[in-house]
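So the chains spell out like this:
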Amino acid sequence: MCLETHGAVCEWDGDQLTAWVTTQGVHQCAQQFAQSLGIPQSNVRVITQYMGGGFGSKFAPDVQGLICARLAKLANAPVKLMLDRKEEHLDTGNRPSAFAQIRAGVTNDGKLTAFDGRSWGTGGAGANANFPLPYLYQFPNRRRVHTDVYINAGQQRAMRAPGHPQGCFLTEILMDELADRVKIDPVEFRIKNAPPKAPNQMWVEYFQQGARQFGWEKRHPTGDPAPGPIKAGMGVSAHLWGGGGRGTQAHVDITSDGAVVVRCGTQDLGTGTRTLVTIVAAETLGLPTSAVKAEIGDTNYPFSPGSGGSTTAASVSPAIRITSIKALDALFARVAPVLGTAPGNLVAESGRIHVKGDPTKGLAWKDACKHLGTEPITVDGQWGEGLSSSGTSGVQFAEVTVDIETGVVRIKRILAMQDCGLIVDKLTAESQVYGGIIAAINFALFEDRLLDRVTGQMVNPNMEWYLLAGMSDIPTIDIVLNNMPERGVIGIGEPPTVSTASAIANAVRNATGATIRSLPLHPHKVLAALEQQKAGGT
Amino acid sequence: MIEFVLNGRGRRVRVPPMKRLLDVLREDCSLPGTKEGCGEGECGACSVLLDGRTVCSCLVPVVQVRGARVVTVEGLDRGGRPSALQRAFIDLGAAQCGICTPGMLVTAAELLRHARGRVPSEEEVREALAGNLCRCTGYQKIVDAVRAAARGASRDGAAGTSGARAPGRSRAGTARAKRSRTARTKRSRRRG
Numbered sequence: 001m002c003l004e005t006h007g008a009v010c011e012w013d014g015d016q017l018t019a020w021v022t023t024q025g026v027h028q029c030a031q032q033f034a035q036s037l038g039i040p041q042s043n044v045r046v047i048t049q050y051m052g053g054g055f056g057s058k059f060a061p062d063v064q065g066l067i068c069a070r071l072a073k074l075a076n077a078p079v080k081l082m083l084d085r086k087e088e089h090l091d092t093g094n095r096p097s098a099f100a101q102i103r104a105g106v107t108n109d110g111k112l113t114a115f116d117g118r119s120w121g122t123g124g125a126g127a128n129a130n131f132p133l134p135y136l137y138q139f140p141n142r143r144r145v146h147t148d149v150y151i152n153a154g155q156q157r158a159m160r161a162p163g164h165p166q167g168c169f170l171t172e173i174l175m176d177e178l179a180d181r182v183k184i185d186p187v188e189f190r191i192k193n194a195p196p197k198a199p200n201q202m203w204v205e206y207f208q209q210g211a212r213q214f215g216w217e218k219r220h221p222t223g224d225p226a227p228g229p230i231k232a233g234m235g236v237s238a239h240l241w242g243g244g245g246r247g248t249q250a251h252v253d254i255t256s257d258g259a260v261v262v263r264c265g266t267q268d269l270g271t272g273t274r275t276l277v278t279i280v281a282a283e284t285l286g287l288p289t290s291a292v293k294a295e296i297g298d299t300n301y302p303f304s305p306g307s308g309g310s311t312t313a314a315s316v317s318p319a320i321r322i323t324s325i326k327a328l329d330a331l332f333a334r335v336a337p338v339l340g341t342a343p344g345n346l347v348a349e350s351g352r353i354h355v356k357g358d359p360t361k362g363l364a365w366k367d368a369c370k371h372l373g374t375e376p377i378t379v380d381g382q383w384g385e386g387l388s389s390s391g392t393s394g395v396q397f398a399e400v401t402v403d404i405e406t407g408v409v410r411i412k413r414i415l416a417m418q419d420c421g422l423i424v425d426k427l428t429a430e431s432q433v434y435g436g437i438i439a440a441i442n443f444a445l446f447e448d449r450l451l452d453r454v455t456g457q458m459v460n461p462n463m464e465w466y467l468l469a470g471m472s473d474i475p476t477i478d479i480v481l482n483n484m485p486e487r488g489v490i491g492i493g494e495p496p497t498v499s500t501a502s503a504i505a506n507a508v509r510n511a512t513g514a515t516i517r518s519l520p521l522h523p524h525k526v527l528a529a530l531e532q533q534k535a536g537g538t
Numbered sequence: 001m002i003e004f005v006l007n008g009r010g011r012r013v014r015v016p017p018m019k020r021l022l023d024v025l026r027e028d029c030s031l032p033g034t035k036e037g038c039g040e041g042e043c044g045a046c047s048v049l050l051d052g053r054t055v056c057s058c059l060v061p062v063v064q065v066r067g068a069r070v071v072t073v074e075g076l077d078r079g080g081r082p083s084a085l086q087r088a089f090i091d092l093g094a095a096q097c098g099i100c101t102p103g104m105l106v107t108a109a110e111l112l113r114h115a116r117g118r119v120p121s122e123e124e125v126r127e128a129l130a131g132n133l134c135r136c137t138g139y140q141k142i143v144d145a146v147r148a149a150a151r152g153a154s155r156d157g158a159a160g161t162s163g164a165r166a167p168g169r170s171r172a173g174t175a176r177a178k179r180s181r182t183a184r185t186k187r188s189r190r191r192g
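Protein chains in written order, with the numbering used here: chain A, 1 to 538; chain B, 1 to 192.
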């Protein structure tokens, strides 16, 4: 669910449909409108200037979008249709569930030998719920049987980092239990069994560096020996994600008044894509960001894929970079004769176009553009290889306190070690990490879709009983972003949300000594785990 | 006909008295800055100032604002320029999708006005904004931005809250009470 519910405004002009949709993919949304309404795609324009979050749930027009379009046609008037909060909960998808029974083997010196797992999950009515398991670590022998369970409930959606938080949790709580079994520190145990270091596999380094920074050496063995009801503990977890770019196209106009307009049919979910487009174009053209106008979120602009899988930055940045370079080359070709030099000798920096190595021999950007006269620079370009790649890694540490009398878990601090290739904009990259971590705190402690066991009805389709973290639930969060410019742009929306919940669960186990095998960690579940531990454990 | 002062200017609306203030603002006053999140006073996205106090406009029937002063997010700027608070939100990246942002700004404006130039502690900001939920979960930067705005305001001696006015009698005491009660129960529920 999103804070802005799903919905649309639709308006027809004859057989032309314009739909303002809250969507993560304007182009694919237009395609689906056309298919579902039986009209040519060229007759559909989808616009998403701004939207109130998607988190994997806002791609298609959905039922409400199609109803909106049909009503607008019948009414011969614009129609706005936004879901209410209850409908948002019932009808716009959720992260599929996961359940597993696992047997695993480990040698006395802490090397994993075998994984044998059976897993189940439900994606609702007729939708799959598979997830990666075992996650990340190297089990030389593995067997896994997964079964999708279909139930009469709303279908799953690709909620932030689909599948990974589930697989990560099931594997990471297993890792801590195995580490205790062979009496090895959990960080050391993970290092022994992590894949070897590679640019997209930096876990070993993050475990070591993070443990030092977090003060891992102060961690006590499982079960806080401190007297009193408040127990403290630390946990750790690791994750991976793909990301990477795909074929985005872009268009750049430079006019004789010096104005620069960049058009790209991508969309900004609140992640800062508009900022990214502006920054990349401005830096390429040697201009301040205020001199570049980014126009996005419209199917009238060149194609860009939907924003999912942490692929937007890696799709869009190269396309904007390449197209801006093309535009700049075209401008150089027009300005070079004026400056009495060859286009290849020119550079654009600090708002000027000048001869390489001689800033005095040049023109201010606006003066240079005046030479364009009535014929503007107008170029198209597209994503190309070499400026982006895929594969990220991360490790997170969590410290919690648990009140063993009430079962309430408080998170004290979290440390995130994360890479995402070249960091294009640190501010928005950090925001994605903060957001991912806190979204995972929701996954760990709060969010729970409760279905009536008999009827399958969701019994908490509101924000009163479907809990979200508030400002006072948020711990101190430290982020270490590992900038790897040589890898190009990769994407960061999803990776930081994968392992937080596992680190929290392991920290709760470390604090209490109770076996934690289920999320969210609502107080009653923590108390039940403590009771079970007193009764002899599992 | 219901008369009230909206963002410093007199306003008359002819609407059903029980129509939600939220809908009156968006539909009848053409001020779409105020957002609907949950529609039941849980998320704070629709927060506005009513006689200087934060209320959830989804819980306030418009009849309750008769004669009162209402300030929405559109009323927080300074003659078309962002206030110090709004500037800090922009500079520090304290907004992601933006749906919670108007409510955060309005609630923080009330906090800063009460702080009278003092920089509230991180804990105070978190407490004051506990009733405003953010789904992109940009909480950390929101806290940072509120405190940065307070620091800026304490430096240049101006509170970044031009739209906020002196507190008066709360016309929507019931709504306010419900909201703070809700915030309390939410917190206590979470703590067990």
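Hints were generated in silico from the structure; no laboratory data involved.
Everything numeric in this text was worked out from a predicted model, so none of it was measured.
Be aware that a few hints might be false.
To be verified - Below 27 Å or equal to it, Euclidean Cα-Cα: the simulated DSSO-like pairs (lysine-lysine) are: (1) A:K192 to A:K111; (2) B:K19 to A:K525; (3) A:K218 to A:K183; (4) A:K197 to A:K183; (5) A:K80 to B:K19.
Unchecked claim - From chain A, some residues computed to sit far from chain B (all C-beta separations above 12 Å): (6) L178; (7) P199; (8) T341.
What the hints assert, rightly or not - Going by beta-carbon spacing under 10 Å, a handful of chain B positions derived as facing chain A: (9) C29; (10) G117; (11) E127; (12) A130.
Backbone N, C-alpha and C fix where the C-beta goes; we use that ideal spot for every residue, glycine too.
Hint-by-hint comparison with the structure:
With a CA separation close to 7 Å, the supplied pair A:K192 and A:K111 stays within the 27 Å bound. Pair hint B:K19 plus A:K525 does not hold up; C-alpha atoms about 42 Å apart against a cutoff of 27 Å. This hinted pair checks out: A:K218 and A:K183 have alpha carbons roughly 17 Å apart, not beyond 27 Å. Taking the CA atoms of A:K197 and A:K183, the gap is near 25 Å; set against the 27 Å cutoff, the hint holds.
Distance hint between A:K80 and B:K19 is fulfilled; the C-alpha atoms sit about 19 Å from each other, no more than 27 Å. At roughly 31 Å, the least C-beta separation between A:L178 and chain B is larger than 12 Å, which holds for a residue marked as non-interface. For A:P199, the non-interface assignment is confirmed: its Cβ lies about 27 Å from the closest Cβ of chain B, beyond the 12 Å cut-off. Distance to chain B confirms A:T341 as a non-interface residue, since its nearest Cβ pair spans about 40 Å, more than 12 Å.
Nearest Cβ of chain A to the Cβ of B:C29: about 17 Å, over the 10 Å cut. The hint is violated. The beta carbon of B:G117 is not positioned within 10 Å of any beta carbon in chain A (closest approach about 22 Å), and the interface hint is therefore violated. Taking 10 Å as the C-beta contact cut-off toward chain A, the hint placing B:E127 at the interface holds, the least distance being around 6 Å. A cut of 10 Å between beta carbons decides the hint on B:A130: the least distance to chain A is about 5 Å, and the hint holds.
In terms of the numbered hints stated before, the structure departs from hints 2, 9 and 10, listed from lowest to highest.
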